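**Q** What follows is the residue order along each chain.
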Amino acid sequence: MKFVSALKSKDVDGKGLWYYFKRDRDLYLLLLIPIFFVVLFKIVPMFGAVVAFKDYKIAKGFWDSDWVGFQVFLDIFAKRDFGRAVRNTVMLNTLDLLLSFTAPIVLSLLLNEIRSVRMKRINQTLLYLPHFLSWVIIGAIAYQLLGLGNGVINNLVESFGGTRIPFLQSDNHWLLSYLLIGVWQSMGWGTIIYLASISSINPELYEAAIVDGAGRLRKMWNVTLPGIRVTIVTLLIMNLGKVMGGSFERIYALANKATTEYTTTIEVLVYRWGIEAGHFSRATALGLFQAVIGLGLVLLADYIAKKLGEDGLL
Amino acid sequence: MKASTNLIRVKPKKPFDLWDALINMLMIVTALACLLPLLHILAKSLSKDVYVLANKVMLWPMGFTFEAYGKVLGDASILRSLYVSVVVTVLFTILGMLITICAAYPLSRKQLRGRAFLSFIFLITLYFSGGIIPEYLLINSLGLLDTLWALILPQAFSAFNFLIMRSSISSSIPVSLEESARIDGAGHFRVLWSIVLPLSKPIIATLSLFYAVGRWNAYQDALFYIKQRIDLRPLQLKMYYMIVEASESFQLEATQVQLTNPDVLKAACVIFATVPIICVYPFIQKYFVNGVMLGAVKE
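One line per chain: the protein sequences are A and B, in this order. If you read the first sequence in my numbering, its first letter stands for residue 1, the second for the next number, and so on. If you read the second sequence in my numbering, its first letter stands for residue 1001, the second for the next number, and so on.
It is worth saying that the hints were derived from the structure and are not from the lab. Certain hints may be false.
Short, incomplete list of chain A residues facing chain B, as computed with Cβ under 10 Å [as the list claims (entries may be wrong)]:
#1 Met46
#2 Phe47
#3 Asp55
#4 Lys120
#5 Asn123
#6 Pro130
#7 Ala140
#8 Ala142
#9 Gly215
#10 Leu240
#11 Gly241
#12 Ala253
#13 Gly274
#14 Ile275
#15 Leu286
Derived contacts from chain A toward chain B, CB cut-off under 10 Å, selection only [claimed, not checked]:
#16 Arg23
#17 Ala49
#18 Tyr128
#19 Trp135
#20 Thr284
#21 Leu288
#22 Leu299
In silico EDC-like links for lysine to aspartate or glutamate, alpha-carbon gap of 20 Å or less [to be verified]:
#23 Lys257(A) x Glu1245(B)
#24 Lys1110(B) x Asp26(A)
#25 Lys219(A) x Asp1231(B)
#26 Lys15(A) x Asp26(A)
#27 Lys22(A) x Glu1179(B)
#28 Lys79(A) x Glu261(A)
#29 Lys1110(B) x Asp24(A)
#30 Lys1227(B) x Glu1245(B)
#31 Lys57(A) x Asp75(A)
#32 Lys219(A) x Glu204(A)
#33 Lys1056(B) x Glu158(A)
#34 Lys1110(B) x Glu1178(B)
#35 Lys1201(B) x Glu1178(B)
#36 Lys1071(B) x Asp1231(B)
#37 Lys120(A) x Asp1017(B)
#38 Lys1227(B) x Glu204(A)
#39 Lys219(A) x Asp1020(B)
#40 Lys22(A) x Glu1178(B)
Note that the coordinates shown come from a computational prediction; the quantities given were computed from them, not determined experimentally. Here a beta-carbon is modelled for each residue, glycine too, at the ideal position from N, C-alpha and C.
Work out the full structure, taking the sequences as your base and the hints as a guide.
**A** Set out below in structure tokens:
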């Protein structure tokens, strides 16, 4: 027994921790910089989330504010805005997942069918472009393009005898515009991984398919799609975890006062409650609720992935 | 993708293939959908007010004039925001890369004790965070509100970039290379400086671009942390107040810029804020594509 415990404390080759620390001193010194940043700016806020269980008063400060248990959570669950924010977050992200996830797959199948190398390259360059624009700029472009009174699309609609469409000014139109703008921004960028995955498919499979008399659609359906199945599933799982997340910047750049029905998401509500109105406990509790459910979704997706025989994420 | 194209060529070429025509048409339409919005804004920004007000400008400027750009460039507050953005982006990128390298190199060494634990601490930030408000309270209590450091320090560690850098170092630099250097008497710093960094140039370029473009385009943290000091607003936040929020009221931000039709000015602002990205875009495209692929490679 003594022998075993000696092994444990001194490690297998009989050298203490101090030996390793001295040997790799420089490496540990280097690590001090990232550890400082991660602990201060990432780990400390994780503990700071206990504000959700306190009645945070600025005057009293972080330590001296009173503990209230789950009272803050009960308060926010009873708020009308809470239900709406959860509904909107789940709805926007699920719809976004359906559209913005499938668009790159379809697009890469089509790109793959282009024969001219130059045409393909020009296409890719143009398709990647929206990904590099900030949401502020995309929001501004959207208003110039889809505006009710002066948007170029509505000018076209009118000149063809139609009536002007409130793309960004009525709730349901806004929702559709929001989703399509998301597709526009991300579809080209999303093709990169699929194209890489397609390029690693064994060419003999296509040969065999041609011998069997497969046409273009058949090859696409029976060779290319199964060939990128693993990539599709992996990305799908990663995206499932984001259903509770969402981009504050995207919503905020596209939102306006005319469309409040769908633009109140959890992130927007955290901003309004916390930073605008100063209800820190309430906003922290909402943020924590979101983070915990989000983490749960990631773990669940990971579990399902492993059950299905795919590589997990963690 | 190359392989399949070659294979199709084995078949005798038909004079006209309906599928080819359809796919090419569809792709041209999609690509134009990405290009035309920008061309329209560009045309608007170069047009005279009257034509824009009359909704006449489509893809070609009417009454060609640089007037709006003159006003944008003549506005001290916009130039000030551009300066703030450049400073923040440069500092952020340098700091981010420093932290990434300092984390990735030690944690790519298999002999390091506590490697798994430290990696876990770093990677947990990918999946869980304290949330916006605890971060805001932290920035507040550190006295960083309304300073540029609030835009530089908190996001400087990126677990995603750390992962890419670590797997790149451990896969592209053979352990034997390091061992032989150590036998020759080189310390860890020497190995990092003379072997690892020179061999990691492509990945350093890629990640620097990730950091830089991410910083350049973000406005959320500036919206949260820069409240009173209007002179510290980065370009994207300035643009947010000028063109997005102003869309509803048609009131322009507190600037000296006055134009009969704000649409022309807004278009010029959009182009002004986009030009830096468009200028570097052709050069960075291949790096970014490589970066995405590296990010997709799992260990």
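**Q** Evaluate each hint against the coordinates.
**A** Cross-check of the supplied hints:
For Met46(A), the suggested interface contact is upheld, since its CB lies about 4 Å from the closest CB of chain B, less than 10 Å. With a cut of 10 Å, the hint placing Phe47(A) at the interface with chain B holds, because the nearest CB-to-CB distance is about 7 Å. Because the beta carbon of Asp55(A) sits about 14 Å from the nearest beta carbon in chain B, more than 10 Å, this interface hint is broken. With a least beta-carbon distance of about 8 Å to chain B, the hint placing Lys120(A) at the interface is held under the 10 Å criterion.
Restraint check, Asn123(A) versus chain B: the minimum CB separation of about 5 Å is within 10 Å; hint holds. For Pro130(A), the interface hint holds, since its Cβ comes within 10 Å of a Cβ in chain B; the closest pair sits about 6 Å apart. This hint holds: Ala140(A) has a C-beta 4 Å from the nearest C-beta of chain B, less than the 10 Å allowed. Hint on Ala142(A) holds. Least Cβ distance to chain B is approximately 9 Å, under the 10 Å limit.
Checking Gly215(A) against chain B by beta carbon gives a least distance of about 8 Å; that is within 10 Å, so the hint holds. Here the hint on Leu240(A) is broken, as its CB sits about 13 Å from the closest CB of chain B, past 10 Å. Proximity of Gly241(A) to chain B holds as hinted, the smallest CB-CB distance being about 8 Å (cut-off 10 Å). Here the hint on Ala253(A) is kept, as its CB sits about 5 Å from the closest CB of chain B, short of 10 Å.
The beta carbon of Gly274(A) comes within 4 Å of a beta carbon in chain B, closer than 10 Å, and the hint placing it at the interface holds. Checking Ile275(A) against chain B by beta carbon gives a least distance of about 6 Å; that is within 10 Å, so the hint holds. Interface hint at Leu286(A): satisfied, since its Cβ lies 8 Å from the closest Cβ of chain B, which is below the 10 Å cut-off. Interface hint status for Arg23(A): upheld, as the beta-carbon distance to the closest one in chain B is roughly 8 Å, under 10 Å.
For Ala49(A), the suggested interface contact is upheld, since its CB lies about 5 Å from the closest CB of chain B, less than 10 Å. Of the supplied interface hints, the one on Tyr128(A) holds, with its beta-carbon coming within about 6 Å of a beta-carbon of chain B, less than 10 Å. About 7 Å separates the beta-carbon of Trp135(A) from the nearest beta-carbon of chain B, less than 10 Å, and the hint is met. Interface hint status for Thr284(A): upheld, as the beta-carbon distance to the closest one in chain B is roughly 4 Å, under 10 Å.
Evaluation of the Leu288(A) hint against chain B yields a held restraint, the C-beta minimum of about 6 Å falling below 10 Å. Hint status for Leu299(A) relative to chain B: holds, with the closest Cβ pair at about 8 Å, below 10 Å. For the given pair, Lys257(A) sits about 10 Å from Glu1245(B) by alpha-carbon distance, which is consistent with the 20 Å threshold. Using a Cα cut-off of 20 Å, the hinted pair Lys1110(B) and Asp26(A) holds, with the two alpha carbons roughly 15 Å apart.
The suggested pairing of Lys219(A) with Asp1231(B) is violated, with an alpha-carbon distance near 59 Å, which exceeds 20 Å. Taking the CA atoms of Lys15(A) and Asp26(A), the gap is near 19 Å; set against the 20 Å cutoff, the hint holds. A distance of roughly 18 Å separates the Cα atoms of Lys22(A) and Glu1179(B); the hinted pair therefore holds under the 20 Å criterion. A distance of roughly 16 Å separates the Cα atoms of Lys79(A) and Glu261(A); the hinted pair therefore holds under the 20 Å criterion.
Under the criterion of a C-alpha separation no larger than 20 Å, the hint pairing Lys1110(B) with Asp24(A) is consistent with the structure, at around 11 Å. For the proposed pair Lys1227(B) and Glu1245(B), the alpha carbon gap of about 15 Å is at most 20 Å, so the pair holds. Of the supplied pair hints, the one linking Lys57(A) and Asp75(A) holds, its CA atoms being roughly 17 Å apart against a limit of 20 Å. Straight-line distance between C-alpha atoms of Lys219(A) and Glu204(A) comes to about 12 Å, which keeps the hinted pair within the 20 Å bound.
For the hint pairing Lys1056(B) with Glu158(A), the CA-to-CA distance comes to about 12 Å; that is within 20 Å, so the pair holds. For the hint pairing Lys1110(B) with Glu1178(B), the CA-to-CA distance comes to about 12 Å; that is within 20 Å, so the pair holds. Only pairs whose Cα atoms come within 20 Å are accepted, and Lys1201(B) paired with Glu1178(B) is accepted, the gap being roughly 17 Å. In summary, the hint linking Lys1071(B) to Asp1231(B) is supported, as the alpha carbons are separated by about 18 Å, within the 20 Å threshold.
For the hint pairing Lys120(A) with Asp1017(B), the CA-to-CA distance comes to about 17 Å; that is within 20 Å, so the pair holds. Straight-line distance between C-alpha atoms of Lys1227(B) and Glu204(A) comes to about 61 Å, which puts the hinted pair past the 20 Å bound. For a cut-off of 20 Å, the pair hint linking Lys219(A) to Asp1020(B) stands: about 15 Å separates their Cα positions. Using a Cα cut-off of 20 Å, the hinted pair Lys22(A) and Glu1178(B) holds, with the two alpha carbons roughly 19 Å apart.
The structure is inconsistent with the numbered hints 3, 10, 25 and 38, although it conforms to all the rest.
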